[in-house]
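Quick note, the sequences are listed as chains G and V, same order. Residues 1 to 511 in our numbering are what the first sequence spells out, letter by letter. Residues 1 to 511 in our numbering are what the second sequence spells out, letter by letter.
By construction, these hints were calculated from the structure, which means they are not laboratory data. Note that CB positions come from ideal geometry on N, CA and C, so glycine has one too. Some hints could be false.
[As the list claims (entries may be wrong)] The following label-pair restraints were derived from C-beta to C-beta distances:
| # | chain 1 | residue 1 | chain 2 | residue 2 | range |
| --- | --- | --- | --- | --- | --- |
| 1 | V | 53 | G | 54 | 40 to 48 Å |
| 2 | V | 501 | G | 419 | 31 to 39 Å |
| 3 | G | 488 | V | 303 | 21 to 29 Å |
| 4 | V | 338 | G | 123 | 53 to 61 Å |
| 5 | G | 331 | V | 53 | 53 to 61 Å |
[What the hints assert, rightly or not] No more than 20 Å apart at the CA atoms, straight line, and that leaves these computed lysine to any residue pairs for SDA-like:
| # | chain 1 | residue 1 | chain 2 | residue 2 |
| --- | --- | --- | --- | --- |
| 6 | G | 100 | V | 120 |
| 7 | G | 104 | V | 116 |
| 8 | G | 100 | V | 506 |
| 9 | G | 39 | V | 506 |
| 10 | V | 100 | G | 221 |
| 11 | G | 104 | V | 508 |
| 12 | V | 401 | G | 509 |
Number of protein chains: 2
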Amino acid sequence: MADIDPQGTFNAIEAATGKAMDPGFSQSTTQDVEAACQKAADAFDSYRAMDSDKRAAFLEAIGDEIMALGDKLLERAGAESGLPAARLTGERGRTVGQLKLFAKTVREGHWQGIRIDPAMPDREPMPRVELRTRMVPLGPVAVFGASNFPLAFSTAGGDTASALAAGCPVVVKGHPAHPGTDDMVAGAIAEAARKTGMPDGVFGHVRGTGNDLGAALVKNPHIAAVGFTGSRSGGLALVAIAQQRAVPIPVYAEMSSINPVILMPEALADRGAQLGAGFVQSLTMGAGQFCTNPGLVLAIEGEGLDAFEQAASEALTGHEPAPMLTGGIRKAFAEGTETMASHKGITELACGVSGDGITREAARLFSASAEAFLADPALGAEVFGASSLIVHCKDASELHKVLESLEGQLTATIHMDAGDHEAAKPLIPVLERKAGRILANGWPTGVEVAPAMVHGGPYPSTSDSRTTSVGTLAIDRYLRPVCYQDMPASLLPDALRDGTDLPKMIDGTPA
Amino acid sequence: MADIDPQGTFNAIEAATGKAMDPGFSQSTTQDVEAACQKAADAFDSYRAMDSDKRAAFLEAIGDEIMALGDKLLERAGAESGLPAARLTGERGRTVGQLKLFAKTVREGHWQGIRIDPAMPDREPMPRVELRTRMVPLGPVAVFGASNFPLAFSTAGGDTASALAAGCPVVVKGHPAHPGTDDMVAGAIAEAARKTGMPDGVFGHVRGTGNDLGAALVKNPHIAAVGFTGSRSGGLALVAIAQQRAVPIPVYAEMSSINPVILMPEALADRGAQLGAGFVQSLTMGAGQFCTNPGLVLAIEGEGLDAFEQAASEALTGHEPAPMLTGGIRKAFAEGTETMASHKGITELACGVSGDGITREAARLFSASAEAFLADPALGAEVFGASSLIVHCKDASELHKVLESLEGQLTATIHMDAGDHEAAKPLIPVLERKAGRILANGWPTGVEVAPAMVHGGPYPSTSDSRTTSVGTLAIDRYLRPVCYQDMPASLLPDALRDGTDLPKMIDGTPA
């Protein structure tokens, strides 16, 4: 994670070696938090009043400044996270693409939620007033950088992009596992803000180890909402702090998920081995450190499942481990997989090439009967990393029972052939209640940043199932409706005046 | 409120006399709560799978059955609430109209939030998957009847209508102040469900005095969201229970608001006396028992304000008090106004015709300097009933300061003439941060049920500023997005298949 010295600076740890990296970064103080939040509050009214084009240009400029950091950014992010260059190049593309997509979304204007109900002065028994409604931003948003996406879900990541798009100033707490990356990206955002004439305070930034800083940020009365991606314990701690405030605020915490994958009988019979190999690829990608990692496989026992397990075991056995993001994550993975391995209801199917016990850990694959799985809810807990559990069901009814027993998930996946569709049909309503995204014949890792993406789901996969953290729908998290009744045109916000071509509903009908 | 006898039945109290009314109603038990919630959970998948037309027909049938109850419903509601017949006739119209408007909304389909991102199999470097997203209902919703709207915000009121429209079964806890009204309306809903072939459990109903029943309802693991209108203490108690559950759930509590009314100088100079009379009409309507009652008036001192105060005082002095909804509300009003009257920073301007100290209380009007108001936050607390405080500001800067000091509100109102517009302009951004609805030259009481209405606002006016409880936008409170990735057409929900004419976004653009 990070070394702290008595002078209040801390160093990144090189993921591949576990050694401290230069330079040291100064820890932000609670005074720094207060100052950043005050500046964000001061910037709020002027930032949200800027027209959509200016706000969009700011988002695009952030992308440009990130690209202008060049390979140095990728090198630093690679050293701090242990993620390979190709992945980080892709992640940078996603980050910049995400900012551009939000810029497009801001310009398109659907997010403004414009509703106009014209007056009806002659209505009986009472005239109807004129109502004009639009969405306004909540206020300054606190964003917590995520360890597993040093670019796409950290300083200028999805939460920052969606909050800025909504018109909210952002105060980021950089993740202490990648302070160098965080520092470079924070500089890029500040530069973009300067070049596009944004108000001072539209972007604030603090960094440090320990939980006090984040707690101070969420407690600050100027903060109106929180975006977080990380562990369940971390997310729930922030939720509790937010609820105890004099004015409680929403926390959008994307926390834990084991992303069940259901293998239907005909698909298994047809291509069990092929599915096994594809599964291991999804499971081990990025050392398994994805929120959507397939940590649970459900199937009805039989030859197809045997073939799947054999192929998966073979692929996993030869898998070379990659460095994990932080020492803390590695340790939790080692402990979590050991707990699985020593559980009396669990059989270990395969183990990857051994790790070094310092930064790398072997991938692990387990199996259990549905009966054993149902008997111990702890087996449904997330083990963050390349570990998965295959649950053998006796029949469709037992499979159904296992599905109903699951907690809320980000994703649920069904592998099926045409001949499985009839049997898959009754599973869909269950999966709709359990997950935010239902995939057919794919793997849950790899989350498309797009208008229709949902990266969210029922508790505890997130703290708020009504939203998504990836995709343009995320802008809605930071908005609330305000209605203007009989307001003179000169006092209406521009978006609500007559004659705009913004998307709107007139009297409840899209116009 | 209600008399409880040792046999576990309770009686309504006639509002105008304070006397117990026949018949006695049996108290629901926690077993009744469990049974209703279990049935709601069992009905959930089949109810939400019904097509929009059937769901809309159910809502319309509820309205028909309420009308079929005839004058008996109005008479009973009048006796239990003390509200006059004309008001209750109007409220019944609003209730039935609300159900019809939600039926129309369900059919129109915008609420489904359909988003489709077509696959791009040839995209480089990676093909894009197909994503299809729609909103699905959260699950069974607990609705708490409100004392001050025995029809429009109780058993078949706004929360019930919006939750049923979203596809959520509803379990209502009837308000104990109007058990007879509640019983009749619950019967009407059950009859409508039977006639339109709804699944058993789509509507459940419990009743009783005391807080245990409501707590059991919110704690029940089948309940997925809560709709509540009432006091701040009641709403916050439910929020706390919901947050402590193993699976926390959203609570939409519409709580307290003093609905500031700003009188701008030219409007005051032009028509101070006329505004004063209009103000008292809004203040005293329904014995002041509205969430949007104008409990705070802000103006810059001068002749116009003097004329306003004189006219308001005259109108109030002759005001005959009406019975209040419950003994508890009357007592709280008497205490709250006495606290105001004895506050050293407060001057009593006028008092209406005396009440009987049993069911009626005199309306009261107070004034204070901005300095005194700013010095004591307690003066910003809601006194539910016909009581209001006029705050005298020295100048525009002091008025601005008072506005910034306010808690979140349901509404904020500006009375202004054309010559006031320039001075009103800088107030709008402040009011946007403070309130859910901003009115020009009207009075906040009288909430239009319409697609663009917002009856919500920042904490503590509600527990969740991101929504409204009145108007069709309320349907969104009970929905969450689910995304289907590469799903075969035969397994997609009907609304997401090709060829529907439902409103949708294709690749982020309304189509």
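For each hint, the structure was consulted:
1. 53/V / 54/G: 40 to 48 Å: holds (45 Å)
2. 501/V / 419/G: 31 to 39 Å: holds (32 Å)
3. 488/G / 303/V: 21 to 29 Å: Once the Cβ atoms are compared, 25 Å apart, the range 21 to 29 Å for residue 303/V and residue 488/G holds.
4. 338/V / 123/G: 53 to 61 Å: violated (42 Å)
5. 331/G / 53/V: 53 to 61 Å: Check passed, 57 Å falls within 53 to 61 Å.
6. 100/G / 120/V: Answer holds: residue 100/G to residue 120/V is near 19 Å, not above 20 Å.
7. 104/G / 116/V: Holds, because 17 Å separates the two Cα atoms, which is no more than 20 Å.
8. 100/G / 506/V: Given that 20 Å is the threshold and the Cα spacing comes to 18 Å, the pair holds.
9. 39/G / 506/V: violated (38 Å)
10. 100/V / 221/G: violated (41 Å)
11. 104/G / 508/V: The given pair, whose Cα atoms are some 9 Å apart, holds under the 20 Å limit.
12. 401/V / 509/G: This hinted pair is violated, its Cα atoms lying about 40 Å apart.
Comparing the model with each numbered hint stated earlier shows that hints 4, 9, 10, 12 do not hold.
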